[in-house]
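Quick mapping for you: the protein sequence lines, in order, are chains A and B.
Mapping of the first sequence onto full-length UniProt numbering: residues 1 to 265, in sequence order.
Mapping of the second sequence onto full-length UniProt numbering: residues 1 to 267, in sequence order.
Simulated from the structure, these hints should not be mistaken for laboratory data.
Treat the hints loosely; a few may be bogus.
[As the list claims (entries may be wrong)] The calculated lysine-lysine pairs, modelled on BS3-like cross-linking and capped at a C-alpha distance of 30 Å, are:
hint: 1; chain 1: A; residue 1: K259; chain 2: A; residue 2: K98
hint: 2; chain 1: B; residue 1: K51; chain 2: A; residue 2: K41
hint: 3; chain 1: A; residue 1: K259; chain 2: A; residue 2: K86
hint: 4; chain 1: B; residue 1: K257; chain 2: A; residue 2: K225
hint: 5; chain 1: A; residue 1: K13; chain 2: A; residue 2: K3
hint: 6; chain 1: A; residue 1: K13; chain 2: A; residue 2: K225
hint: 7; chain 1: A; residue 1: K181; chain 2: A; residue 2: K259
hint: 8; chain 1: A; residue 1: K181; chain 2: A; residue 2: K225
hint: 9; chain 1: B; residue 1: K51; chain 2: A; residue 2: K181
[Said to hold, decoys possible] DEER-style ranges, computed between Cβ atoms:
hint: 10; chain 1: A; residue 1: L243; chain 2: B; residue 2: S40; range: 24 to 30 Å
hint: 11; chain 1: B; residue 1: N93; chain 2: A; residue 2: W232; range: 29 to 35 Å
hint: 12; chain 1: B; residue 1: A15; chain 2: A; residue 2: Y4; range: 45 to 51 Å
hint: 13; chain 1: B; residue 1: Q50; chain 2: A; residue 2: Y4; range: 27 to 33 Å
hint: 14; chain 1: B; residue 1: A146; chain 2: A; residue 2: L131; range: 49 to 55 Å
hint: 15; chain 1: A; residue 1: L151; chain 2: B; residue 2: A146; range: 53 to 59 Å
hint: 16; chain 1: A; residue 1: P134; chain 2: B; residue 2: N16; range: 26 to 32 Å
hint: 17; chain 1: B; residue 1: V209; chain 2: A; residue 2: Y81; range: 29 to 35 Å
hint: 18; chain 1: B; residue 1: V248; chain 2: A; residue 2: L126; range: 38 to 44 Å
hint: 19; chain 1: A; residue 1: P134; chain 2: B; residue 2: L210; range: 48 to 54 Å
hint: 20; chain 1: B; residue 1: A28; chain 2: A; residue 2: R250; range: 29 to 35 Å
hint: 21; chain 1: B; residue 1: S40; chain 2: A; residue 2: W104; range: 30 to 36 Å
hint: 22; chain 1: A; residue 1: G55; chain 2: B; residue 2: N16; range: 49 to 55 Å
hint: 23; chain 1: A; residue 1: G55; chain 2: B; residue 2: S196; range: 24 to 30 Å
[What the hints assert, rightly or not] Far from chain B, some chain A residues (derived; all Cβ distances over 12 Å):
hint: 24; residue: F36
hint: 25; residue: G176
hint: 26; residue: P199
hint: 27; residue: A236
Using N, Cα and C, we set each Cβ at its ideal position, and we do this for glycine too.
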Amino acid sequence: MGKYVAYTITTLKNTQVYKFDLLLWVINSFILVIAFREVWKAIYANGHSLAISTGVTSQGMQTYAMLSVILYAIMPPSISYEISDKVRDGSIVFDMQKPWDFEWMHFSKAAGVFLFSMIYTVIPQLVGVFLFFPIDYPAGVQAAAFAASVLLAFLLSFLINFIVGMTAILFTETWGIDMFKSVITDVCSGAMVPLWFFPDAVSRVLLWLPFQGIFNIPLSLFIGKITGTAVWEQLAFQAAWCLILLLLSRVILAWIERKLVITGG
Amino acid sequence: MIGRHIKLYLAMQSANLRSHMAYPLNFAIGVLSITFLGLSFILVSWVITQKVPIIDGWTTYELIFMTSLWRTTHGIFIAFFVQSWFLESLIRNGEFDRFLVRPLNPMFSFAAHNIQIYGFGDMLAGIIGLAAAMVHIPDWTLGKIAVLLVIVISGAAIEWSLQMMIGCMVFWTLQGGAMRHILDQLLAQFTRFPLSVYNGVLQALLTFVLPVAFISYYPSYFFFGDRSGVPFSPVLMYLTPLVALLLVSVTYYVWTKGLNAYKGAGT
Numbered sequence: 001m002g003k004y005v006a007y008t009i010t011t012l013k014n015t016q017v018y019k020f021d022l023l024l025w026v027i028n029s030f031i032l033v034i035a036f037r038e039v040w041k042a043i044y045a046n047g048h049s050l051a052i053s054t055g056v057t058s059q060g061m062q063t064y065a066m067l068s069v070i071l072y073a074i075m076p077p078s079i080s081y082e083i084s085d086k087v088r089d090g091s092i093v094f095d096m097q098k099p100w101d102f103e104w105m106h107f108s109k110a111a112g113v114f115l116f117s118m119i120y121t122v123i124p125q126l127v128g129v130f131l132f133f134p135i136d137y138p139a140g141v142q143a144a145a146f147a148a149s150v151l152l153a154f155l156l157s158f159l160i161n162f163i164v165g166m167t168a169i170l171f172t173e174t175w176g177i178d179m180f181k182s183v184i185t186d187v188c189s190g191a192m193v194p195l196w197f198f199p200d201a202v203s204r205v206l207l208w209l210p211f212q213g214i215f216n217i218p219l220s221l222f223i224g225k226i227t228g229t230a231v232w233e234q235l236a237f238q239a240a241w242c243l244i245l246l247l248l249s250r251v252i253l254a255w256i257e258r259k260l261v262i263t264g265g
Numbered sequence: 001m002i003g004r005h006i007k008l009y010l011a012m013q014s015a016n017l018r019s020h021m022a023y024p025l026n027f028a029i030g031v032l033s034i035t036f037l038g039l040s041f042i043l044v045s046w047v048i049t050q051k052v053p054i055i056d057g058w059t060t061y062e063l064i065f066m067t068s069l070w071r072t073t074h075g076i077f078i079a080f081f082v083q084s085w086f087l088e089s090l091i092r093n094g095e096f097d098r099f100l101v102r103p104l105n106p107m108f109s110f111a112a113h114n115i116q117i118y119g120f121g122d123m124l125a126g127i128i129g130l131a132a133a134m135v136h137i138p139d140w141t142l143g144k145i146a147v148l149l150v151i152v153i154s155g156a157a158i159e160w161s162l163q164m165m166i167g168c169m170v171f172w173t174l175q176g177g178a179m180r181h182i183l184d185q186l187l188a189q190f191t192r193f194p195l196s197v198y199n200g201v202l203q204a205l206l207t208f209v210l211p212v213a214f215i216s217y218y219p220s221y222f223f224f225g226d227r228s229g230v231p232f233s234p235v236l237m238y239l240t241p242l243v244a245l246l247l248v249s250v251t252y253y254v255w256t257k258g259l260n261a262y263k264g265a266g267t
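In isolation and in its complexed conformation, chain A is listed as follows (with noise of 0.2 Å):
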């Protein structure tokens, strides 16, 4: 355990050696926080009985609309060029013969990500936008709910760019995946356009895949458009979701590392 602990740590004190970067990016994520929420009030504002239909007023579209940009910048980077770069070089060899586990120490990794762009852009992002906007944050137990529904989140999105980053041993050149697959969770798991917009047949069919995990189901928790038991069913669902792609991820992993030693030998 101690080594993936030593691994996050170090990710996280590599990340924080570019300080102007990490300024610009804030900035940036800040104008988008304000577009984000600017576009969705228009929207509102032009949609007479949006608020009844969809059952979102347009103060809790709004809430969404930012702290889905705030989100997004706590998921979990592609790791696909990473490893598209090491099968090219020969040294993910190396990699999966060194005494740790291959997808530990990859979440290691994203977990270091993940504690820097908590405390550098999430906390000041959050804090900025509770001083400059009227929002409704939610207390007691649907706090607590949100809090596990975006560590559930987080975890959803690293295996799916676990699985994903994984076909770069097979592929090789995995660039166009990964983009199918960024365009995929971005449309699919409400963080550009929430799923009750779309038409009721597509969003049927969303709630049941994975994707709906990342963004959907904790921003729903965040604006209270999940309440009572379904809030149980919800993180149920994400747990579910995790608990298959886990094993999945565990399939294939110990395929590959059987295909290595093949044609490595």
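Starting from the known structure of chain A, arrange chain B on it as the hints suggest.
For chain B alone, coordinates are given in the frame of chain A:
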């Protein structure tokens, strides 16, 4: 003189293109996935306007027209000028010097150095979006289509100028990655919805300081029936080619200054 440069440019770019085509499967997947990405943005506009048919006076197809117009210009930028993104790494690796020692204008040599096939995916998505929107926008004439072509080229020139000026920062500061990222995000965000949804400060900023709005927002009005909603002044919808010309001149000036300040990568 110009003829020789055109011939040279075509020869260099076709060599670049051939080197990219060496892996046809990657080529196909790459272009396809970028087309898919571009279409997803158009899809998002469509989804929103199914619930809210008119946003600040803009209909579904007008919004799709605007966002597709940017996709198209962005595709041209990516295909032919994306190397301005990589000034920083070219300089750090010492590869930049080769543009300076060639018996050609360094700007020309730099521009002809790369062709990025993924740009064709953006162009394809943009053209599909434009075609779908144009069917629903009345009164198209050949003249208007010619103007559209000028607008597309001017828009690409504006994006190139903005990207290149940020790229040129590297001559003085040896970095600029984060600035570039900001510009990319701003371009993607502020070309999708009418400028009037944003507050006055942002509107002024995107018109007069970082003239992103001239790429697709202002010129779109020229093609629509209702032109009453143009912020600041209706004159702005004619200015895109002028803004492009101005920015390109400024960029060329900044580039020349940058080359003078450039001392090489050291060592």
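Could you tell me which of the numbered hints above are not met by this structure, giving the numbers in increasing order? The structure conflicts with hints 4, 6, 11, 13, 16, 19, 24, 25 and 26, although it agrees with all the remaining ones.
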